[in-house]
Amino acid sequence: MKAKVGVSALVLLFLGGLWLVAAPFAVGYQPRGAAYVDATINDLWLGGTIAALSFVSLVVYAADALRELAQRGKHADA
Amino acid sequence: MIRKFVSAVAAALGVLAGLWLMIAPFALGTQPEDADWTNTTLSEFFTGLGVTVVALVGVIAFVLAIRDDLVERGLVVPKPRQTEPEPEPVPAAPQASSAELASLLAPLVEALREDLTSRSRPGGEHRQNGMASLVGVEENR
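So the sequence lines, in the order shown, correspond to chains A and B. Each residue of the first sequence is one higher than the one before, counting from 0 in numbering that gives the first Met the number 0. Each residue of the second sequence is one higher than the one before, counting from 0 in numbering that gives the first Met the number 0.
If you're looking for bench data, these hints aren't it; they were derived computationally from the structure. Any given hint might turn out to be false.
Which bits of chain B does chain A cover? Going by a derived footprint, with three or more residues having C-beta under 8 Å, they are [stated by the list, open to error]:
#1 12-22
#2 27-38
#3 41-53
#4 59-69
One-sided excerpt, in silico: chain A residues whose CB lies under 7 Å from chain B [what the hints assert, rightly or not]:
#5 Ala22
#6 Tyr28
#7 Ile49
#8 Tyr60
Covered stretches of chain A, as calculated for chain B (at least 3 residues, CB under 8 Å) [as the list claims (entries may be wrong)]:
#9 8-21
#10 31-45
Given the structure is predicted, the values throughout are model-derived calculations rather than measurements. Glycine included, C-beta positions come from ideal geometry on N, C-alpha and C.
Pulled out of the complex, with its shape left as it was, chain B reads as follows (with noise of 0.2 Å):
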């Protein structure tokens, strides 16, 4: 971990060294005003540009590297993302079971089976194709 404080320690010291040298050609006085950039201006500039950001690259990693360090040690704990919480599942509906089925369906079959039986009985409404209804040869069974 000592090696990643020193080089980020160093990156540091570049990104300074770069932004140092964009300004210089102004602050030392060889880029002459309101004229253009002269060779010795641009070179400056844009080798302390490239020094700045990629000193600071390595700021970044250092410092993320080390915080991957500290974690591992256990010496940060690393906040947990606030996420939205999910809904909780709706608890499903209880299924009848055949049972339930069978009590529930029961009236519905004992009025069919009255039905059925009251049309089969001499004086009522005949079936047309002469047969006895189903429920009354269950019945006779």
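With the rest of the complex left out, here is chain A (with noise of 0.2 Å):
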């Protein structure tokens, strides 16, 4: 249960992150055409990586978890 509210909050941390990648074109900060200030530079960095980390994380995750059920069949099959 504990870790089925952490893997929701890792989802939500890759949604924002992706939010953040978005946001200076969504609420229109960053002019079109025009070099990127400083306030889209850092929103694409820090939303790119807190995308990327919790994506990985929940790979790897998933992953653990797939290699958990793996070694449980062997285990039924022996």
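Mind assembling these two chains? They're in different frames, but the hints should get you there.
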């Protein structure tokens, strides 16, 4: 149950990272055709990092859970 | 358990990222001093607040999950909660058996019997209905 809450938090973090990447253009503080302002650069780096980090964590979590399932299957066969 | 640890570390980094997002407009100088918050500041601050809260929940959840794993494997012994000692039940008073009750009441019965016998004797106080006392009847049997 607690792990499920944590995984849900990671999913929300991933979505938050995506929002941060899109925010400068969605909110409109990045003028079109102009060089990226400081806020845009900050949001792009931070949003990308958060999204990547949470995505990698989710992948690691799923991979380890699958490995555990496979081990249980082996024990069941033996 | 490794997956929970990795996820907890990632969530902890998310907390730091969220905190940075909240202060970034002021640190980078995109928010003018003595002015209302711009759209940039509002967006970054509240996004950072949300990221911080969500990541903190994730850290707590994963740490608790790791602790549960350790307890399940016997590597961590949870401290027993100190509860107030329950008052010891007071032993119920031993109930007198019927034999003890009879021995206790015997003097009283004997006194009543003597009293009734003395009343039924001639010269004594006569019963109003003229019948012999019950004790006397019993004795005559």
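Hints, one by one, checked against the model:
no., hint, result
1, 12-22, "holds (count 5)"
2, 27-38, "holds (count 5)"
3, 41-53, "holds (count 6)"
4, 59-69, "holds (count 5)"
5, Ala22, "holds, 5 Å"
6, Tyr28, "holds, 4 Å"
7, Ile49, "holds, 5 Å"
8, Tyr60, "holds, 4 Å"
9, 8-21, "holds (count 7)"
10, 31-45, "holds (count 6)"
Hint compliance for this structure: every hint is met.
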